[in-house]
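J.: One letter stands for each residue in the lines below.
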Amino acid sequence: MPGTATPEARGIAAWLVREMQAREVRICRYERLSGGAIQGNFALDVEVVGGPYAGPQALVLRTDAPSGVAASLTRAQEFDVLRVAHRAGVLAPEPLFLCRDPAIIGRQFFVMRRLAGVGAGHKLVRDVALVPDGPALARELGANLGRIHALKPPQPGLDALPPPPADPARATIAQCRGYLDAMDDAHPGLEWGLRWCELHAPASAEVTLVHRDYRTGNYLVDAGHLSGVLDWEFAGWGDPREDLGWFTARCWRFGANDREAGGIASAADFLQGYESTAKRVITRGDLDYWQVMAHLRWAMIALQQARRHLVGGETSLELALTGRIVHDLEYEILHLSEGAAR
Amino acid sequence: MSDIPDASDLLAAARDALLRELLPALPGDRRYAGLMIANAIAIADREHRSGGDALREETSRLRELLASVTGSAAPQDAVQASLVTGSSGSSATAAALRRALAAAIRAGAFDVPPQHDALVAHLRRTSADWTAISNPKALHERWRSPSSQGTVPPFASRNFSGGQS
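Sequence lines, in order, name chains A and B. Residues in the first sequence are numbered from 1 upward in steps of one, following the working numbering. Residues in the second sequence are numbered from 343 upward in steps of one, following the working numbering.
Excised from the complex, chain A in its bound form (with noise of 0.2 Å):
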């Protein structure tokens, strides 16, 4: 339970003094933070006595949720991508310690630095103020997706990973179709995607590391500059091309669809990142196709999200409205693989 006086708080702090080396950690703030449905973000401010850490630090302490979304990492195999994309350069937190101890707090845990900045992807669209610059921030975040894409298998430290797919467009297709076969009811309009998709599907390009929810509402802003990229349980090997389709997909534009980007700005000022670092051109017909399966992924998830409520125990009005987004995502995926769109 949060708070700074609990078992579990004091469990923490042992824990902490341990992979800190510090004589004391105190506990000043431990209390869950907004946001992520599916994981359990807390913020845990702490003072640390001695050691290489001593001092205030502001943490985020990330664990599981009750019941997970099918196909994300666990937090082992998380904390090994942060680390992974973290020492390469992308803009992330810096991941500190895991815990693979159950007894701590009753699930795995890890613990990573927190970054200042404003997440809420309704705010960052609309507020000015928060983006001064909406271009140079699509920039930013274009060449910090590229230096993610510039990591390719075998990477040391990502060995936990599932192998890379030998054609990810289609090992997509099969995965999404193994979740509807799961599925209570059927859902021609996500079907008919997913069988355009297999239609159309692209030659493979090459396989690197992917984050899979790179998105408005997963960034921090900070000052009108990116600060790091959040919630990378769903990584892994795949199609690069399939980030780029997730980032400029409509349902990630909260609202501001004239601009292609997160809502931020035109795709063109997002690829010019992009490019810049990942030394790959991007075709308008690459964001269309990955655009499709962008909603059909999401609508999977929204799916999984509404089954929780449904029948995993988790009565929640949050997941139950996620489950009816999925009328919406039908309608976009028929006009963008019907050429209506845009």
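You can trust all of the hints, since none of them are fake.
Derived lysine to aspartate or glutamate pairs resembling EDC-like cross-links, with alpha carbons at most 20 Å apart: (1) B:479 - A:258; (2) B:479 - B:389; (3) B:479 - A:318; (4) A:123 - B:371.
Source of the hints: derived by calculation from the structure; they are not laboratory data. Keep in mind it's a predicted model, so treat the numbers as computed, not measured.
Here the structure of chain A is known, so what remains is to put chain B in place on it, guided by the hints.
T.: Relative to the frame of chain A, chain B by itself:
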């Protein structure tokens, strides 16, 4: 009009009370929950008003579509079973027909015209009808977008006044 407020009247009044009386009194960190409840009530009201029509029309289109692919690449067992069971407008019938259509799509029965065009027309109409219930703003945005000017919204003939707020 009837003498006694019906389900829609109650939902509308409940939403109004929430938005006018409760929401302004909520602390900032509860505002999002209040807005989610208002949204859920609005969806439930729209589904109550037009969900039955949407389901009946979807069901009859599903029957036509599936009848058009009998003898094709579609999985025939599923198609035949779905065409004979259930009454129109029941959600169990719609579910069986959707299952058959999904299987036929996956088997490639709708890859090329004329089946492809009929499928896309059906799916557009169906997803538009249900989006008009779940998130009507998404449809309105698309009417205004330059690329869709001149196209008739697929549900223009129907009265969705409950969802225009």
